[in-house]
Amino acid sequence: MTTQNQKLKMALTSTPMILIYVIAVFCIVVSIRQPAFLSPATAINIGRAGIFTMCFAICEMVVIISGGIDVSFPAVGCVAMYVPLYLNYHGMLPDNVFAFFGLAMFIGLIFGILNGILVSYLKLPPLIATLATSSIASGGLILALGTREFTTLPPSLEALYRVNLVTYTDAATGFTYPLTILFLVPVALCVVMALVMHFTMLGRGLYAIGGDANAARIAGFNVRLLQFFAYIFCGVAAGATAMIYTTLMHSSTTTALMGDEMIIIAACVVGGCRLTGGHGNVGGTILGVLLITLVQTNLNMLGIPTSWQTFAVGLVLLLGAILTSIQAKRQTKLGKI
Amino acid sequence: MSEEIFLKLEGIKKSFGGVHALKGVDLEIRKGEVHCLAGENGCGKSTLIKAISGVHEPDEGSIWIDGEKVEKMKPMDAINRGIQVIYQDFAVFPNLTVAENIALNGELKNKAKLVNWKEIHETAAKAMEQVGAHIDPDVKLERLSVANKQMVAIGRAIVNDAKLLILDEPTTALTAREVEKLWAIVRNLKEKGIAIMIVNHKLDEIYRIADRLTILRNGAYVSSGPISEYDQARFTRDMTGKDISGEKYNAAASEEEILRVEHLTRSGAFEDVSFTLRKGDVLGLTGLLGSGRGEIGEALFGIAPAESGRVVLNGKEITIKSVADAMANDIGYVPEDRLTQGLFMQRSIQDNTIASSIRRYMKGARLDEQGMEDATKHWIKEIGIVAPSPKPAVRTLSGGNAQKVVIAKWLNTDPKLFILDGPTVGVDIGAKSEIHGILHNLAQQGIGIIVISDDLPELVQNCNKIVVMRDGKVAAEVDNSIDEISLSNLLIGANEEEVESK
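So the protein lines, in turn, are chains A and B.
If you read the first sequence in this note's numbering, its first letter stands for residue 469, the second for the next number, and so on.
If you read the second sequence in this note's numbering, its first letter stands for residue 32, the second for the next number, and so on.
Since the hints were made in silico from the structure, they are not lab data.
Hints may contain errors.
[To be verified] Okay, derived cross-link-like pairs now, BS3-like style, lysine-lysine, Cα gap no bigger than 30 Å in a straight line:
#1 B/412 / A/797
#2 A/475 / B/157
#3 A/804 / B/44
#4 B/412 / A/804
#5 B/310 / B/352
#6 A/801 / B/171
#7 B/310 / B/412
#8 B/157 / A/591
#9 A/804 / A/475
#10 B/171 / A/475
#11 B/44 / B/233
#12 A/477 / B/171
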């Protein structure tokens with residue numbers, strides 16, 4: 469009986485449940501101050517705002533679970549969004565959605581392979597390796613192709629931009645809130661990766677190498693190949709995500725995503741990933757992204773100036789870190805079994 | 032146990048870059064027997080295990096498994112032939128569940144692409160049943176005690192059809208009771224016809240479990256035979272190549288009091304502890320894990336100070352509220368986990384030796400290099416640290432030598448009282464007796480020595496006075512005329528069932 473109570477208590481106070489409580493409290497507080505918050509429009513806004521964060525967070529999550537870290541995806545993403553539009557502008561790339569996304573993903577692949585070689589073959593610390601890749605990608609791009617800004621989309625991307633999943637019209641104000649079809653990308657990515665991480669030897673292998681690389685080697689996992697996969701997946705998916713960014717934001721610059729890595733890593737950590745590897749899952753990461761997106765997009769509804777945003781995100785990260793530490797303490801208190 | 036031989040090695044030789052790690056080793060392991068492989072550190076045990084498990088290919092010699100000569104064996108071949116090694120760190124995944132840890136290797140062996148969670152749970156349940164352990168399959172490994180992690184590792188080996196299970200120093204991190212449980216499991220596996228090879232060099236532990244014994248020394252085969260043919264003297268002689276006296280330590284009678292502890296209490300750890308240490312005494316402090324034996328050492332050294340009670344050192348009452356207080360009163364302390372708490376592994380012998388007495392070598396803003404080197408050389412010679420110079424990093428030393436460096440570090444502070452927690456854990460028999468010799472010498476010079484340990488033979492042999500702790504209280508104070516069995520009974524309390532039910 470007691471063990472069952474204890475189990476229930478543990479389940480109710482687990483990290484994801486606490487995140488859900490925090491999110492719920494935040495939503496309740498906002499909706500008390502701004503009843504307009506409780507509207508499908510809010511859901512659509514958050515859905516739209518969270519698209520890139522979610523995709524990038526899944527990329528980063530896979531790398532973190534494998535015991536690594538990738539801080540190069542914003543720079544790689546910039547290359548992946550800039551080069552295709554640049555080439556198209558100069559008539560060197562056909563105006564075709566598949567061409568744009570294909571090239572973006574190919575660029576991501578190249579940098580993913582580079583990261584993979586640096587980390588799994590040359591055994592560089594992942595932070596340093598991907599920091600180098602980041603600088604090389606970002607600096608190389610500016611050196612080779614200059615710093616322009618593309619603010620008009622080629623017709624094919626513009627057409628993609630106009631495809632919506634649903635459009636909600638607010639009866640009172642007449643405003644319309646469209647939800648882009650591209651929202652399906654993070655949804656699909658989450659579903660697929662949740663299945664991969666839980667039900668395939670590839671996914672379990674990533675957990676295994678993140679937990680103890682040496683034990684994984686003895687068990688017969690191909691540690692190098694798995695590390696390689698993590699970085700390549702991260703690169704390719706980040707490339708595609710960058711092209712989604714360009715499509716939705718009508719903007720492609722050489723620095724658009726720079727600096728995003730910290731907030732993405734924060735979302736992963738808040739969602740239960742441990743930077744030491746081996747821990748984290750898609751569900752937790754979704755909660756982490758949701759919380760951070762909520763804070764980013766709805767602070768003004770609480771009457772807090774947007775300039776407080778970074779500060780507030782810092783608080784969220786702190787919450788995540790403290791939560792992890794408290795949970796670890798609780799576990800020590802429970803003792804070994 | 033049958034007479035049928037499962038594994039036979041003949042004249043196995045292996046060298047690495049000119050160093051002969053194995054110089055012709057013979058070994059025979061029969062089906063369903065428990066075979067102990069013993070030898071001091073560096074005798075080639077690890078290399079031999081790696082040869083058996085296909086990690087190293089021997090330069091010379093032959094290996095027969097199940098009557099079949101095997102050549103160019105790879106790790107996977109060894110596994111497929113039923114050889115499973117359980118390394119000291121168990122090679123388990125802390126972040127995965129018990130069930131997954133048990134079943135993942137098998138899934139991998141079958142080249143599965145997808146994970147069948149139902150099958151994983153079935154496999155884990157089967158393994159647990161065979162091992163006879165009851166561990167929640169959904170708990171992550173990081174939550175398990177060392178003993179239970181070991182159960183999981185054994186379970187994993189068994190479900191992978193182990194015919195020979197090699198346990199590399201399986202008892203190092205276990206309590207006496209956990210060792211008993213492990214031996215019960217080993218007996219159970221033995222009855223199933225599985226051969227078990229245990230690497231261990233504590234005769235009192237293996238006496239209760241092993242059928243036969245093989246001893247290696249310096250990479251060479253020394254002797255082999257039924258365990259009944261060995262007594263402590265032969266065992267030690269075969270392992271070290273020299274006779275080590277089994278004489279007990281007896282202090283020259285003295286009434287001069289060095290340390291008196293009265294009513295020392297720290298709530299939750301120990302209560303009303305009193306004892307006296309006279310000149311020449313080596314005082315043993317023992318008890319089960321959690322009895323407060325280690326906490327008293329920590330209190331006397333100020334790591335977790337006592338809340339009440341008196342400590343009188345050399346006739347002067349002292350107050351110890353911090354490590355700095357303890358050091359100011361010339362108390363030295365060697366922690367149980369010396370590798371993480373007592374040594375800077377990456378630094379040189381010299382840096383470690385002077386680490387606690389560095390102020391002495393400050394000459395203005397500079398350090399007296401010559402003085403530090405001289406002091407280190409003095410201790411290298413004095414207590415027999417095997418090292419070419421004061422310069423090598425401590426991590427390159429063997430366990431026994433590293434332990435001597437910790438001792439040197441404190442001796443260099445001229446301690447009046449020297450507390451050692453588990454001073455010979457992980458130390459070879461040869462080095463062990465040297466360390467004991469050092470301690471006896473120090474005691475006779477008038478330094479108070481307290482040895483905290485649960486190694487009962489060690490205590491009886493080396494301490495002339497033993498304080499037994501139980502549940503935070505002093506259960507008994509005895510001299511070294513006590514035998515190990517009575518001492519062991521004192522440790523767990525007269526009424527064993529009561530202890531069992533806790």
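Agreement of residue 412 of chain B and residue 797 of chain A with the hint, judged by alpha carbon distance not exceeding 30 Å
Distance ~46 Å between residue 412 of chain B and residue 797 of chain A Cα, so the pair is violated.
Is the Cα-Cα distance between residue 801 of chain A and residue 171 of chain B 30 Å or less?
holds (16 Å)
Given the proposed pairing of residue 412 of chain B with residue 804 of chain A, does the C-alpha separation stay at or below 30 Å?
violated (44 Å)
Between the alpha carbons of residue 44 of chain B and residue 233 of chain B, is the straight-line distance 30 Å or under?
At roughly 26 Å apart (the allowed maximum being 30 Å), residue 233 of chain B and residue 44 of chain B satisfy the hint.
Pair hint outcome, residue 310 of chain B versus residue 412 of chain B [Cα-Cα no greater than 30 Å]:
holds (25 Å)
Given pair status - residue 157 of chain B, residue 475 of chain A, alpha carbons within 30 Å
holds (24 Å)
Would the hint linking residue 804 of chain A and residue 475 of chain A be met if the CA-CA limit is 30 Å?
holds (15 Å)
Below or equal to 30 Å on CA atoms is what counts here, so check residue 804 of chain A against residue 44 of chain B.
Roughly 43 Å between the alpha carbons, so the hint for residue 804 of chain A and residue 44 of chain B is violated.
Below or equal to 30 Å on CA atoms is what counts here, so check residue 310 of chain B against residue 352 of chain B.
This hinted pair holds, its Cα atoms lying about 25 Å apart.
Is residue 171 of chain B close enough to residue 475 of chain A, meaning Cα to Cα at most 30 Å?
Given pair residue 171 of chain B, residue 475 of chain A holds - Cα atoms ~14 Å apart, limit 30 Å.
Taken at face value, is the distance from the CA of residue 171 of chain B to the CA of residue 477 of chain A at most 30 Å?
Holds, at roughly 18 Å.
Has the given pair, residue 157 of chain B with residue 591 of chain A, been kept, meaning a C-alpha gap of at most 30 Å?
Violated, at about 39 Å.
The structure shown violates the earlier hints numbered 1, 3, 4 and 8.
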